[in-house]
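Line order of the protein sequences matches chains A and B.
Residues in the first sequence are numbered consecutively from 2, following my numbering.
Residues in the second sequence are numbered consecutively from 40, following my numbering.
Everything labelled a hint here was simulated from the structure, so no lab data went into it.
Note that the coordinates shown come from a computational prediction; the quantities given were computed from them, not determined experimentally.
The reader is advised that the hints may include incorrect statements.
Cβ-Cβ distance ranges computed for the label pairs, FRET-style [as the list claims (entries may be wrong)]:
id, chain 1, residue 1, chain 2, residue 2, range
1, B, R53, A, E183, 28 to 38 Å
2, A, T105, B, T152, 19 to 29 Å
3, A, V269, B, G80, 54 to 64 Å
4, B, W153, A, R120, 47 to 57 Å
5, A, R278, B, S79, 41 to 51 Å
6, B, S252, A, P187, 51 to 61 Å
7, B, P162, A, P131, 41 to 51 Å
8, B, V157, A, L253, 52 to 62 Å
9, A, P131, B, H246, 39 to 49 Å
10, B, S79, A, V269, 51 to 61 Å
11, B, V56, A, T105, 50 to 60 Å
12, A, L149, B, S189, 56 to 66 Å
13, B, D48, A, E191, 23 to 33 Å
14, A, E191, B, G80, 22 to 32 Å
The beta-carbon is built from N, C-alpha and C at its ideal position, and this holds for glycine as well.
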Amino acid sequence: MADTAAAPVGGAGGAARRRSNRQRKAGARAARRWHWRRWLAIAALGAAYVVSFRLTDVDLARLVKGLSTMAEWAGRAWPPTAREFPVILQRTGETVAIALIGTTLAAVIALVFCVPAARNLTPSWLVRLPARLVLNTLRGVDSFVFALLFVAAVGLGPFAGMLGIALHTSGSIGKLFAEAIEGLPPGPLEAAELTGASRLKTVSYALLPDALPSLASVGLYMFEFNIRSSIVLGVVGAGGIGQQLRNSIELLDFPRLLTIVLVILVLVTAVDQLSGRLRQALA
Amino acid sequence: MSPVALEVDGLTHRYGVRPVLDDVSFEVAAGEVVAIVGPSGAGKTTLFRAVTQLVRADAGRVVLGGRELSALAGGELRQARRDIGLIFQQFNLVRRLSALDNVVAGRLAELPTWRVLVRRPGPTVRAEALECLSRVGLADHAGSRADRLSGGQQQRVAIARALAQRTRVVLADEPVSSLDPESSASVLAALASVARAEGIAVLCNLHQVDLISGFADRVIGLRDGRVVVDVETAAFTDDHRALVYRPAPVGALR
C-alpha cells in the first residue's frame, strides 16, 4: 500500500493505519453478520413456502387431470344464451343497488367519524384515538363477516349484504376522508374560527367545500370496489347477479353462466371507466 | 380626536432570554390606519399574535374597545376576538366558494346553524355582503369562485369579509407581501378607504416601507422588539428609515 510506505513509523501515520485496520475488521464482521442474517431470512422464507404448499393442497397432477373437465364445461358454455337476459339485467341492477346504497350509507357514517379522526380538526388524541379505533375496527372486519352477522337480524338477502358493505366500507372511507381533510391548507378554517363561530359552522362552511372533490373521489373509488364486493356477496346469498352466477353453476347451465360472466365483465369495466373519468374530472 | 379603538400598553415578551417585544406601547384611533414596519425579526409577527392573544405576552395590556383582551380567557376570549377582523398574507379564502359566499363567512358566528349548513344566508346578510364587496370594487365578481380571482382580487375579498364582520378593529398581517406592486397598491388603497369611511382602526404589518405613503396615517417602526419610530406618515423621513433599518452597530450582535 502506497500510504504505508510513506507513513513514518509510529506517530500520526501509524495511528491512522491502526484506526483503518480496526475499521476494516469491523466492516468484515458486519459483512459476516449480514451474510448470516440473509441466509436465515432465505431459509425462513423457503420453509414458509414449503408449509404453505402443503396447506394449500397444491397438486399439479390433479390440475392437469381436471383441466379436461374444465375445457369440456367451457365448450358446453358456447354460445352464451340470451334466454334469461331480462332477469339477468334485473339481478345486475340489484347488485349495483346494493353497492350504491351501501357506499352511500358508509359515506354518511364516515363523515361523522372523520372529523374526530382528523388531526387538524381534533388535536386532542383522547378523542382522536377512539375515533380511529372505531374506523380501524370497521375496516378490519370484512363486509362478508358483517353481512353474516346481519343475516341473523334481517335474514338472507340484499339487505344484509348492503349493511355488510356499508359497515366495512365506512371504516375505509372514514380513514381516507380523514387523510383528505388533513391534507387541506389550514388557513381558511383558521380564518373562519377567528370570527368566533361554532365548530359545526366553520367545518361545514369553510372546510367542506374545499374538501368536497377529494371526498367525492374517495366515494367513487369505494363504489367501484363495492360493485365487486356486492357480486361476491351475491354468490354467498345476498342476491343480485352473484346469486345467479351460483345458481347457474349448481344447475350446470353453462351458457347461462357464460352470459352472466360476460355481463359482470361489462358491468365492472363500465363502472371502473365511468368512475375513473369522474374522479379525473374532480381532481 | 377620534376615540381610541385599540390600546397596546407596555407589551413585553421573551422567547427564552431574548426579548422579542420590549415595552411596546401605542394607540390606534377609530378610522386611523397605522402601519407597522421593521426588518425581519423585529417582532412584527409576535406583536400581531400578542394583540390577538394567540401569544400571551409576559407583561403588558391589550385593550380593545374598552375591554382588556389580555385579561380574558376561554369562551370570553373567543367572544372578544369576534371584534377583531383579520386579513392574512395568504388571503385564506375558501377556494371553491364564490367571492360573495366568502364575504358571508364574516357573519358566520351570528347566522343560524341551518342557514350555514345549507349555505343560504338569507336576503339581508346577502345584500350586506354584496354591499361590502362593492366597497372594495368587486361587486361584478360576486359570483366568481375565489380561486378564479387574481391575488389582488382575493385579498380585496378578504377585506370585504373583515368588513362584513362589522368589527371596529382590523389587523392585517403582511397583506400584500405575496402580491405584485400594482395589486399591492390597489389592495392597500381599498383597505385605507374602507377604514376611513367606516371609522375602522387598522393595524397593518408591512414589509415594504415604500408602500406607506398614501396608505397609512401613522408609521410605527419596530426594531429588536422596541418602538423606535412613531410618527405621522408625512413626517417619516430617511432618518427615521435609517433608525429602523440601519445595520446593527459593530458589537451590538452580542
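Quick rundown of the hints versus the structure:
Between R53/B and E183/A the CB atoms are about 33 Å apart, so this pair conforms to the stated range of 28 to 38 Å. At about 24 Å, the beta-carbon gap between T105/A and T152/B stays in the expected band of 19 to 29 Å. For V269/A paired with G80/B, a C-beta distance near 60 Å keeps the hint of 54 to 64 Å intact. Range check, W153/B to R120/A: about 29 Å between beta-carbon atoms, so the 47 to 57 Å window is missed.
Remark: the range hint 41 to 51 Å for R278/A to S79/B is upheld by a beta-carbon distance near 48 Å. At roughly 35 Å, the beta-carbon separation of S252/B and P187/A lies outside the given 51 to 61 Å, and the hint is violated. Distance hint check: the CB atoms of P162/B and P131/A are about 43 Å apart, consistent with the given range 41 to 51 Å. At about 57 Å, the CB distance of V157/B to L253/A agrees with the hint of 52 to 62 Å.
For P131/A paired with H246/B, a C-beta distance near 45 Å keeps the hint of 39 to 49 Å intact. Checked against the hint of 51 to 61 Å, the pair S79/B and V269/A passes, with Cβ atoms roughly 58 Å apart. The hint said 50 to 60 Å for the Cβ distance between V56/B and T105/A, and at roughly 59 Å that hint holds. Checking the proposed 56 to 66 Å range against L149/A and S189/B shows it holds: the Cβ atoms sit about 58 Å from each other.
The hinted window of 23 to 33 Å between D48/B and E191/A holds, with their beta carbons roughly 27 Å apart. Separation of E191/A from G80/B is about 23 Å and conforms to the stated range, judged on CB atoms against 22 to 32 Å.
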